[in-house]
Each structure stands twice: as structure tokens, then as C-alpha cells.
Amino acid sequence: MEWIDNVIFTVILALASFLFAKNANKIRRNIFLGKEINRSDRKGERWALMAKVALGQSKMVVRPVAGFFHILIYVGFVLINIEVLEILIDGIFGTHRVFSSFLGGIYTLAINFFEILAVGVILACLVFLARRVLVKIKRFHSPEMKGWASSDAKNILYIELALMYALLLMNAVESNFDSETVGPFLISGLIAPLFNGLEQSSLHILERTFWWLHILGILAFLNYLPFSKHFHIFLSFPNVWYANLDQKGRFSNMESVTEEVKKMMDPNADPYAAPDPNAPPPERFGAKDVMDLNWVQLMNAYSCTECGRCTSECPANQTGKKLSPRKIMMDTRDRLDEVGKVIDKKGSFIDDGRSLLDDFISREELWACTTCNACVQACPIGIDPLSIIIEMRRYLVMEESAAPQELNLMMANVENNAAPWQFAQADRLNWLEEA
Amino acid sequence: MELNNAKTMAEYASAGEKPEVLFWVGCAGSFDDRAKKVTRSFVRLLNRAGVQFAVLGTEESCTGDPAKRAGNEFLFQMQAMMNIEVLNGYDVQKVVTACPHCFNTLKNEYPQLGGKYTVLHHTQFLRTLLNDGRLKVEGGEYKGKRITFHDPCYLGRANDEYEAPRALLSELESNISEMKSCKEKGLCCGAGGAQMFKEPEKGNKDVNVERTEQALETNPEIIAVGCPFCNTMITDGIKAKEKEASVKVYDVSELLDNTFKQ
Ligand code: SF4
Ligand code: SF4
Numbered sequence: 001m002e003w004i005d006n007v008i009f010t011v012i013l014a015l016a017s018f019l020f021a022k023n024a025n026k027i028r029r030n031i032f033l034g035k036e037i038n039r040s041d042r043k044g045e046r047w048a049l050m051a052k053v054a055l056g057q058s059k060m061v062v063r064p065v066a067g068f069f070h071i072l073i074y075v076g077f078v079l080i081n082i083e084v085l086e087i088l089i090d091g092i093f094g095t096h097r098v099f100s101s102f103l104g105g106i107y108t109l110a111i112n113f114f115e116i117l118a119v120g121v122i123l124a125c126l127v128f129l130a131r132r133v134l135v136k137i138k139r140f141h142s143p144e145m146k147g148w149a150s151s152d153a154k155n156i157l158y159i160e161l162a163l164m165y166a167l168l169l170m171n172a173v174e175s176n177f178d179s180e181t182v183g184p185f186l187i188s189g190l191i192a193p194l195f196n197g198l199e200q201s202s203l204h205i206l207e208r209t210f211w212w213l214h215i216l217g218i219l220a221f222l223n224y225l226p227f228s229k230h231f232h233i234f235l236s237f238p239n240v241w242y243a244n245l246d247q248k249g250r251f252s253n254m255e256s257v258t259e260e261v262k263k264m265m266d267p268n269a270d271p272y273a274a275p276d277p278n279a280p281p282p283e284r285f286g287a288k289d290v291m292d293l294n295w296v297q298l299m300n301a302y303s304c305t306e307c308g309r310c311t312s313e314c315p316a317n318q319t320g321k322k323l324s325p326r327k328i329m330m331d332t333r334d335r336l337d338e339v340g341k342v343i344d345k346k347g348s349f350i351d352d353g354r355s356l357l358d359d360f361i362s363r364e365e366l367w368a369c370t371t372c373n374a375c376v377q378a379c380p381i382g383i384d385p386l387s388i389i390i391e392m393r394r395y396l397v398m399e400e401s402a403a404p405q406e407l408n409l410m411m412a413n414v415e416n417n418a419a420p421w422q423f424a425q426a427d428r429l430n431w432l433e434e435a
Numbered sequence: 436m437e438l439n440n441a442k443t444m445a446e447y448a449s450a451g452e453k454p455e456v457l458f459w460v461g462c463a464g465s466f467d468d469r470a471k472k473v474t475r476s477f478v479r480l481l482n483r484a485g486v487q488f489a490v491l492g493t494e495e496s497c498t499g500d501p502a503k504r505a506g507n508e509f510l511f512q513m514q515a516m517m518n519i520e521v522l523n524g525y526d527v528q529k530v531v532t533a534c535p536h537c538f539n540t541l542k543n544e545y546p547q548l549g550g551k552y553t554v555l556h557h558t559q560f561l562r563t564l565l566n567d568g569r570l571k572v573e574g575g576e577y578k579g580k581r582i583t584f585h586d587p588c589y590l591g592r593a594n595d596e597y598e599a600p601r602a603l604l605s606e607l608e609s610n611i612s613e614m615k616s617c618k619e620k621g622l623c624c625g626a627g628g629a630q631m632f633k634e635p636e637k638g639n640k641d642v643n644v645e646r647t648e649q650a651l652e653t654n655p656e657i658i659a660v661g662c663p664f665c666n667t668m669i670t671d672g673i674k675a676k677e678k679e680a681s682v683k684v685y686d687v688s689e690l691l692d693n694t695f696k697q
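Residue numbers (this note's numbering), protein chains in the order written: chain P, 1 to 435; chain U, 436 to 697.
Any given hint could be a false lead.
Unchecked claim - Covered stretches of chain P (in silico footprint by chain U; criterion: 3 or more residues with CB under 8 Å from a CB of chain U, positions within the stretch not fixed):
1. 77-84
2. 309-318
3. 420-431
Unchecked claim - A short, non-exhaustive set of chain U residues, derived as facing chain P with CB atoms under 8 Å:
4. F466
5. K471
6. T493
7. R504
8. E508
9. M516
10. I519
11. K618
12. L622
13. T653
14. N654
What the hints assert, rightly or not - Derived lysine to any residue pairs resembling SDA-like cross-links, with alpha carbons at most 20 Å apart:
15. P:K322 / U:K471
16. P:K263 / P:D246
17. U:K471 / P:A279
18. U:K471 / P:W421
19. U:K618 / P:A274
20. U:K472 / P:W421
Keep in mind that the hints were calculated from the coordinates and are not lab data. Ideal Cβ placement from N, Cα and C applies to all residues, glycine included.
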């Protein structure tokens, strides 16, 4: 009945993979509820940017402490996953440390290396937990970080710690086997004496237990990701690849508006011409809800790690205003999730009487932005909260005429006197005479 | 040499001539009393360097920047197309402006609407004048003075220009000290995104006061700026901190211009 283990393993693996694929696919579907935008130009630059910012973590290290420990976890996580490949093969085929047979000495070297990485990951997780629980760094305790956002951040650290402990303990137990084939290894060798004196049969059961804990932990982690900010481990790379490459000061020019303005300014256009009855209904200007945003903005929302670097650089937030660019991203994702659930239930989206504007993001937040780009600059994975704020302002101004009164005055001045203040255009050169 | 002179584009055109560069004065530079001084300083520097420049005068109108940042894309594009018609009508190639908002809009948002020009911030243009030896500056009264520079968001982060204004300041042989958050991490003065024209939202402090406090931490005698709105905001911040007597706020071009005063 030896094979029973392998069958159980294979079934669990298949189920876990299926579940993950299903939930990841929902995220994909939700992202593509967004509008089309072409971000596949300048491919060379995009690959270079991804290599630098995502792979090379260049923006993470702007904050050296967090940056360093993040790199420990990131490198550890990626490389230790090579070992997971072995675990999967062992699990399916009932082998034991399948790579050791043909790698020989290199195998020991590799595992030693992984163990060092595991210690690095443990260290980093402990530091990050301390930063969240003991040190009380301000950006981890803003209003939007209450509840799930805060527990999510800690859950991930706990799971990662558990996984690394299981890995080291498994190796440590195995060092005590009579029939030892590999090891002892660098780190686990140090804790091996803990299990000294145990029966061989108990040792074997213990080793299996840690082995199962490790792989079940990984599969559980995998299935936790779609519900967590930790999904950024998949999305941060494409997120950087599709980032805006233009100067940050350049806001998109709305093409739909260009057409209308051209018509208005065309002296030959017939102002009384009947509108084309076959023309599609005019698109909404700006964004009231998530479907009005483009898919890169929606991907941004699922990529956000809630690190709060944007918010801690935001002048509005620093001076006590309600606006927080991180909250803009979290709200966008939460609303998108909500829309996704409606689709799950009803097959397609049917108006649920709610929207990103007002139900999630208030007007007060939107009008507090100085468009300074500090948030965009600060984000380690190229997220652009400002572009969402602007789309929503566009909706407020062009669809609802709901700008603050003083701004309406400013715009009326621009329209009537070609300046934001009440001065006559004829006086534009007065500074010269005053010299 | 008549230093306070400026000819309009129309005057050049009627003489059948073309200027080397168009000076886009901007609304603040045309109407705001403090910014008008900066306009005149810059004009004096241009004349000193013998630059053949023109202004649009009454043919200039708002670039549309505040409307665009407020979300009014219609009004922005109307302004943009009107301005582009004027600029293209004069076959303008090169534009310089002392306002980072005008600079950003003309440089980044006009091309797609048909307005393609080489656009420079006045600190960039002045730097080339110095580099080419057309303008010569000596530190004079600013020698050894403590100066800190406040990066305008729309010159810095928005367009990645941090060095031009600093290069000019270093000509003054002054003692430049940077604020804790400067360049990429520079804090906004609080005026951008059309905030200049409205009261701030509820909070516990005004952004300009926060930024002024950061500037004051460097214990400056002068806070240098490169934007008419920053100028207003930081000047107000200095007033709020009651430091008018000991700390002055100047545009970088004013500092250069002042070195020529006897
Ligand atoms: S652009 Fe707006 S949201 Fe972003 S940091 Fe500046 S004020 Fe805050
Ligand atoms: S938008 Fe970027 S900087 Fe802001 S919380 Fe998300 S990941 Fe962090």
C-alpha cells in the first residue's frame, strides 16, 4: 500500500492547482473588465525597466532597511522553490530526494545554500513582523490598514515562517536516520541533536510529518494568494512591464474630447447638423466606477502590496487630509472584487447601485490631490494612483459638473478671460510698461 | 542697452523677422504682482545675453493646465488648440517659460494636439546661456549666503530636471544646502493640481507650511524657487512662520539678475 501516499498527494496537488487556477483566472477576468490601452510599445525599454525595477528591486532599496530584508525574502523564496520541484516529483512518484542520486556532491551544496537562504527568510520575516507589531511604523497603521489589510500582512509572514521552519526541521530529523544518504546539512545539522535518541521509526514518521507540513503549507499559501496583497509576487513583474513610460507630468489627452473640440472649432461644421442616429452612445467621460478605468489601472490595483510608500510621501496625507494614494488602490481592488462577485453570481455585471466613486472613494479625497507625482515616484512596482484620481476628477467635472465652487470660478475665468484669474487678456503685456 | 525691452511676435512678424526663442510669460507671470517681477528679471537677463526673443503679449492665453489638472479636459483642449493655432501661425520652434506648469503642458501635452516645439524651462535656457558664454555671472552679494532650493513638482518629478536650477545657483558661489526631502523626494508646495485656486481640504496643517518648515530646517537666508506658484506658497509659509525679516524667497532668475545690480 506504499502507493497510497502518492495517490493522496497527487489528488491534493491537482485540487490545489485547480482551485488556484480558478481564482487566478477570476482576477484575470476582472482586470480585463477595464478599458483597452496600448502599453505594448517600446518593448526594449519595457524589458529593461522590468529587469531593473522588478527583478533588480531598484526602487525597493530607496528605503535601505526594508529593501534589504525584502531582497532576502525575495531571493530566498525564488530559489527555495527549486527544491519544491523535487518535493513535487518525490510526492508524485514516491521517490526520496530524487535529485540527490544524480547530483551527488552538488546536491549537498545546493541544500546547504537553500538552508542559508531559509535562515535569511526567517530573519527577514521576524524583522518585518517586529516592524508591524512592535515598532509601529506610521505607514502601517493608517486608517485603511485596519482589519483585513493588517492581518493579511501578518498572515503571510506567519506562513512563510512556518514553511521555513518545516523545511529546516525536516532536514534536521533526517540527519538522525541510520540509513542517512544525504547531509548532514549546514543549518539543520546544528538543530539535529534536538531529535537525538528518538527511535528510528519515530524519526521516519516525524520526517514525513514535516515533509507534508511543508508541501501542504505551500499549497495552502498558493491558494491564499488570490485573496491577498501577496498576489504581487505574480503581478509585480507585468505591472512594471506595462507601466507608463512617458514623462510623469504628461496626462493623457482624451481622444474623444479632441474630436468634439475639433468639430466645435471647425468654421465649416454645421452647428445644427442632426447627430448620426447610428452612432454608438457616447462614452462616459472619466471614471465613476472600475469599468471606466483601463486594464493597466485595474492590474495596478491587484498588484499593490499595500506598503504605503506612496502614502507616506503624499503631501496631502502628510498634512492630515483624507487622501491616501494607497487607499485609492485598495478601494479600486475592493470594488473590482465586488463587481467580480456580482458577475460570479449573475453571469454578467448588473448594476448593483454602487460605484467606486462615493461608495469607496470620496470626493473630498479626490480634490485634495496636488498632482505632485510623489506617489508615482515612490511606488516600488510602478503603480500610478494619480491617473485614477484624474480619471475620477474628469468624471466629476465633465459628467456631473461637480467641481468645488472655487474651481468653477477658475474655469469660468479661463473660458472668458483666458486666464485663471479675473484679468482682461488686453492687459497681458502690462508688466512691460510697469518696468 | 535697453534691458527692459520685449518685442511681441506680431512686431517681429511685421518686420519680416524671426526671434531666436519665444518667451511664454504665462498667466502668473503676466498678472501676479510677485511673478511679474520674475518676468522682468528674466527679460533683463535675456537682454543682457543679447537673446532675440519675443513674447505673444495679448495673443497669449492660459495653456489650460489648471483646467486639465482639475479634470476639465474640454476646456484644456480648447485652450490648447487656440494656442497652437497662434504658435503655429508664427511658425514658433522654440519656447522658454518661467512657469513649470506651462513648461510641462507645452512640452508634453501639446505635441499630440499638433503643437510640436522645443520647450525649455527658464533655468534650462539660462544654463545654456551661461555654458555658451553669452551670460556671465559673478556671485557678488550672494557669495557665501545660505540658500536652499525647493524643487517644483512639474519641473522635477514630472520632467526629471533637477540639475539646471542647481547649476545656476552654484554660479552664485553661495552655500547651497539641500532639504531633507529634495529632488525626486521633494515635497510639493501645495499649489499643484489646481489647488492654487481653492481652499485646501480639511487636515491638520497646510502643505505650504509643512514645506516651509522643511526649508527652514536648513537655516537658510534665501529659499530659491523656480515656479510662480511655489513662490506664492512658500512666501505665505514664511509669513505664517513670521520669518519675513530673516528669510527671503526668490526665483532663481531673480538671484541671477540681482547680481548685476550695483
Ligand atoms: S499625486 Fe496626489 S495622491 Fe499622489 S502623492 Fe501627490 S497629492 Fe498625494
Ligand atoms: S501603490 Fe505602490 S507604493 Fe502605494 S501601497 Fe501600493 S505598492 Fe506600495
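Hints, verified against the model:
no., hint, in the structure
1, 77-84, "violated (count 0)"
2, 309-318, "holds (count 4)"
3, 420-431, "holds (count 10)"
4, F466, "holds, 5 Å"
5, K471, "holds, 4 Å"
6, T493, "holds, 5 Å"
7, R504, "holds, 5 Å"
8, E508, "holds, 5 Å"
9, M516, "holds, 6 Å"
10, I519, "violated, 11 Å"
11, K618, "violated, 10 Å"
12, L622, "holds, 6 Å"
13, T653, "violated, 18 Å"
14, N654, "violated, 22 Å"
15, P:K322 / U:K471, "violated, 35 Å"
16, P:K263 / P:D246, "violated, 28 Å"
17, U:K471 / P:A279, "violated, 49 Å"
18, U:K471 / P:W421, "holds, 15 Å"
19, U:K618 / P:A274, "violated, 53 Å"
20, U:K472 / P:W421, "holds, 18 Å"
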